[in-house]
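S.K.: Based on the hints, put chains B, C and D in the right spot on chain A.
So the sequences go chain by chain: A, B, C and D.
Quick note: the first sequence uses numbering that gives the first Met the number 0, first residue 0, plus one each step.
Quick note: the second sequence uses numbering that gives the first Met the number 0, first residue 0, plus one each step.
Quick note: the third sequence uses numbering that gives the first Met the number 0, first residue 0, plus one each step.
Quick note: the fourth sequence uses numbering that gives the first Met the number 0, first residue 0, plus one each step.
In short, the hints are calculated from the structure, not lab data.
Be a bit skeptical, because a hint or two may be false.
Distance condition first, Cα-Cα at most 25 Å in a straight line; then the derived BS3-like pairs of lysine-lysine [unchecked claim]: (1) K101(D) - K60(A); (2) K60(A) - K94(B); (3) K101(A) - K60(B); (4) K94(A) - K101(B); (5) K60(B) - K60(C); (6) K94(D) - K60(C); (7) K101(B) - K60(C); (8) K60(D) - K94(C); (9) K60(D) - K101(A); (10) K60(C) - K101(D); (11) K101(B) - K60(A); (12) K101(C) - K60(D).
Number of protein chains: 4
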Amino acid sequence: MPDTDALETLRAALEVFARERDWEVFHTPKNLAMALSVEAAELLECFQWLTPEESAAPDAKRRLEIEHEMADVLLYLIRLADCLDIDLRAVALRKLEINRAKYPAERVRGQSRKYHEYDEYEPGDGG
Amino acid sequence: MPDTDALETLRAALEVFARERDWEVFHTPKNLAMALSVEAAELLECFQWLTPEESAAPDAKRRLEIEHEMADVLLYLIRLADCLDIDLRAVALRKLEINRAKYPAERVRGQSRKYHEYDEYEPGDGG
Amino acid sequence: MPDTDALETLRAALEVFARERDWEVFHTPKNLAMALSVEAAELLECFQWLTPEESAAPDAKRRLEIEHEMADVLLYLIRLADCLDIDLRAVALRKLEINRAKYPAERVRGQSRKYHEYDEYEPGDGG
Amino acid sequence: MPDTDALETLRAALEVFARERDWEVFHTPKNLAMALSVEAAELLECFQWLTPEESAAPDAKRRLEIEHEMADVLLYLIRLADCLDIDLRAVALRKLEINRAKYPAERVRGQSRKYHEYDEYEPGDGG
Chain A
0 MPDTDALETL
10 RAALEVFARE
20 RDWEVFHTPK
30 NLAMALSVEA
40 AELLECFQWL
50 TPEESAAPDA
60 KRRLEIEHEM
70 ADVLLYLIRL
80 ADCLDIDLRA
90 VALRKLEINR
100 AKYPAERVRG
110 QSRKYHEYDE
120 YEPGDGG
Chain B
0 MPDTDALETL
10 RAALEVFARE
20 RDWEVFHTPK
30 NLAMALSVEA
40 AELLECFQWL
50 TPEESAAPDA
60 KRRLEIEHEM
70 ADVLLYLIRL
80 ADCLDIDLRA
90 VALRKLEINR
100 AKYPAERVRG
110 QSRKYHEYDE
120 YEPGDGG
Chain C
0 MPDTDALETL
10 RAALEVFARE
20 RDWEVFHTPK
30 NLAMALSVEA
40 AELLECFQWL
50 TPEESAAPDA
60 KRRLEIEHEM
70 ADVLLYLIRL
80 ADCLDIDLRA
90 VALRKLEINR
100 AKYPAERVRG
110 QSRKYHEYDE
120 YEPGDGG
Chain D
0 MPDTDALETL
10 RAALEVFARE
20 RDWEVFHTPK
30 NLAMALSVEA
40 AELLECFQWL
50 TPEESAAPDA
60 KRRLEIEHEM
70 ADVLLYLIRL
80 ADCLDIDLRA
90 VALRKLEINR
100 AKYPAERVRG
110 QSRKYHEYDE
120 YEPGDGG
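Isolated chain A (complex conformation):
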């Protein structure tokens, strides 16, 4: 276990990074959400023409690109959370609970439909 939480370490480092560059003025939540979305698309691009199987075994060069794009997504996500004073850890744990309730294991097993497509089923009827 690391001494400090990764999310908090990165949050503090990004705050300094933006302040040292006078970039706070660009870091409106709207702009940061745009930047995050652009990085997510750059990550997507790494997998674009691969088969599902190929996407699970990227070569070394592509793997490095994937790592960089994933890092960029995380950095913008943490920065956005900080600007809006959102506790990422807490909201992610809460959302995971919501997802558990939305998609009960016994009903959705092996299926990928969106939760609202399960509405015809009664909860607990075994799917």
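M.R.: Chains B, C and D in isolation, oriented as in the chain A frame:
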């Protein structure tokens, strides 16, 4: 400081979540990168028609939506990292170092151009 | 008025383009939707750090980038429609009718809320 | 052949649509590019968990969703082009020429690598 690292806590919980639902088959890196990109766009949608100023002060209802979408982005990011055996903490710290070198504070202060647009400058000439 | 419809001209040209390169195998609708989404993000990136006002007056270099990204979006959109045998002209005209009904001018004038946020209003009560 | 070009018909209709609703103020190029990107992600979502094969044969309900999302992408693209006074037809034809030069059929046949990944080859050496 929390007892365990948030990224590791969430990683382990998501692994169980997918296994209990037999969703591993859908969780190819290609599919997960798509899902992440879709969630990033849903986050973007929360800010879509707002002015930059409005985006910094969302009302309670919108704030909750923002939190949920940010959580979804983080959960897919962590799940994708796990499927590719990528250490998110390590790659984010490394990328932050790269960004520090790409955008030296004394050169980029108060400007938002992309780093390749600084190429006409010599490193260290103070911008 | 041009002799032939732009959408049809481009559709036919793209079909030849893919066939000459044996790229039909990569052009599954799933892959094309991914490619389109990536191009849309590259277009978004052109505007990322601009103020709303700056975005309306891009300089010559950025304008050219914008044109290229918009072209890429259109080309993938037309190619995807062709692969799914969808008549883009017809569906766009139909969707415009739907949007007219969803957002009656007298109710939404000068406001940008999503249509479901108007539900508290009775149709025709003038907003 | 239709009497009028689809792109021009839709452009004119969208101009009226925005003016009747006083929505021009929201239609900065930056906001329109965001909206387009969000619609592209909603289109992507239609294909998200499908296999490549399934994505080529959507059922009737999904097909309708796909049509609506493709229409939305086209409508925002046309509106953005109009706001920036860009001739979509012309830029798409020009970009297609650029793509033909970037990806000569005899070199890239049956491969999906990005053009810069072909740099190790000399132009004209036949791949």
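S.K.: Against each hint, give a clear statement of whether it holds in the structure.
M.R.: The hints, checked one at a time:
With a C-alpha separation of about 22 Å, the suggested pair K101(D) and K60(A) falls inside the 25 Å cut-off, and the hint holds. For the hint linking K60(A) to K94(B), the alpha-carbon distance of about 16 Å falls within 25 Å, and the restraint holds. Taking the CA atoms of K101(A) and K60(B), the gap is near 20 Å; set against the 25 Å cutoff, the hint holds. A distance of roughly 35 Å separates the Cα atoms of K94(A) and K101(B); the hinted pair therefore is violated under the 25 Å criterion.
Between the alpha carbons of K60(B) and K60(C) the distance comes to roughly 40 Å, so the proposed pair goes past 25 Å and is violated. Between K94(D) and K60(C) the alpha-carbon distance is near 16 Å, which keeps this suggested pair within the 25 Å criterion. Annotation: proposed proximity of K101(B) to K60(C) holds, straight-line Cα distance about 22 Å (limit 25 Å). A distance of roughly 16 Å separates the Cα atoms of K60(D) and K94(C); the hinted pair therefore holds under the 25 Å criterion.
Distance restraint check for K60(D) and K101(A): the Cα-Cα separation of roughly 23 Å lies within the 25 Å cut-off, and the hinted pair is therefore satisfied. Pair hint K60(C) plus K101(D) holds up; C-alpha atoms about 20 Å apart against a cutoff of 25 Å. For the given pair, K101(B) sits about 20 Å from K60(A) by alpha-carbon distance, which is consistent with the 25 Å threshold. Among the hinted pairs, K101(C) with K60(D) is consistent with the structure: their alpha-carbon atoms are about 20 Å apart, no more than 25 Å.
Comparing the model with each numbered hint stated earlier shows that hints 4 and 5 do not hold.
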